[in-house]
Amino acid sequence: MYAHYDREVDIAWFLFEQVAPGALVSEEQEWGLRDFDRASGKLVGLEFWRASEQLPKELLDVLPAPQGALGSKLAKSQPAA
886 MYAHYDREVD IAWFLFEQVA PGALVSEEQE WGLRDFDRAS GKLVGLEFWR ASEQLPKELL
946 DVLPAPQGAL GSKLAKSQPA A
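Convert by adding 885 to the 1-based position in the sequence shown; the result is the number in the working numbering.
Wrong hints could be hidden among the right ones.
Derived lysine to any residue pairs resembling SDA-like cross-links, with alpha carbons at most 25 Å apart [unchecked claim]:
id, residue 1, residue 2
1, Lys942, Gly907
2, Lys942, Val904
3, Lys927, Leu900
4, Lys927, Gln903
5, Lys927, Lys942
6, Lys942, Trp916
7, Lys942, His889
8, Lys927, Trp916
9, Lys927, Glu893
10, Lys927, Val904
11, Lys927, Glu913
12, Lys942, Leu931
13, Lys927, Met886
14, Lys942, Tyr887
15, Lys927, His889
16, Lys927, Glu902
17, Lys927, Gly907
18, Lys942, Gln914
Here are the in silico distance ranges between beta carbons for each label pair [said to hold, decoys possible]:
id, residue 1, residue 2, range
19, Arg919, Val894, 16 to 26 Å
20, Trp916, Glu943, 10 to 20 Å
21, Leu909, Gln952, 12 to 22 Å
22, Ala908, Lys942, 28 to 38 Å
23, Phe901, Ala950, 32 to 42 Å
24, Ser925, Arg892, 29 to 39 Å
25, Glu902, Gly953, 13 to 23 Å
These are calculated hints, taken from the structure and not from any lab test. Only a predicted model underlies this, so the values are computations on that prediction, with no experimental measurement involved. We put the CB at the ideal spot given by N, CA and C, even for glycine.
Using the sequences provided together with the hints, build the complete structure.
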């Protein structure tokens, strides 16, 4: 499992299982995204928008910041306020 929290855009991301690039299908929810493996349909990740309003501060405090291109992807996926 991999998880991080981008404080600049207030998004937390949890990846339960590694999947090949381009193999994710995202389903938008009111709170963020659910990511599924395209081939199996299995839930492999969750992305929480406005994470500081939805998740415990104690959890967000221990999550690392995103690295590289992933941080850019998350910033683009957040809906406009």
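Evaluated hints:
no., hint, result
1, Lys942 / Gly907, "violated, 32 Å"
2, Lys942 / Val904, "violated, 28 Å"
3, Lys927 / Leu900, "holds, 12 Å"
4, Lys927 / Gln903, "holds, 12 Å"
5, Lys927 / Lys942, "violated, 28 Å"
6, Lys942 / Trp916, "holds, 17 Å"
7, Lys942 / His889, "holds, 13 Å"
8, Lys927 / Trp916, "holds, 19 Å"
9, Lys927 / Glu893, "violated, 30 Å"
10, Lys927 / Val904, "holds, 11 Å"
11, Lys927 / Glu913, "holds, 16 Å"
12, Lys942 / Leu931, "holds, 17 Å"
13, Lys927 / Met886, "holds, 15 Å"
14, Lys942 / Tyr887, "holds, 18 Å"
15, Lys927 / His889, "holds, 21 Å"
16, Lys927 / Glu902, "holds, 9 Å"
17, Lys927 / Gly907, "holds, 15 Å"
18, Lys942 / Gln914, "holds, 22 Å"
19, Arg919 / Val894: 16 to 26 Å, "holds, 18 Å"
20, Trp916 / Glu943: 10 to 20 Å, "holds, 19 Å"
21, Leu909 / Gln952: 12 to 22 Å, "holds, 18 Å"
22, Ala908 / Lys942: 28 to 38 Å, "holds, 33 Å"
23, Phe901 / Ala950: 32 to 42 Å, "violated, 20 Å"
24, Ser925 / Arg892: 29 to 39 Å, "holds, 33 Å"
25, Glu902 / Gly953: 13 to 23 Å, "holds, 20 Å"
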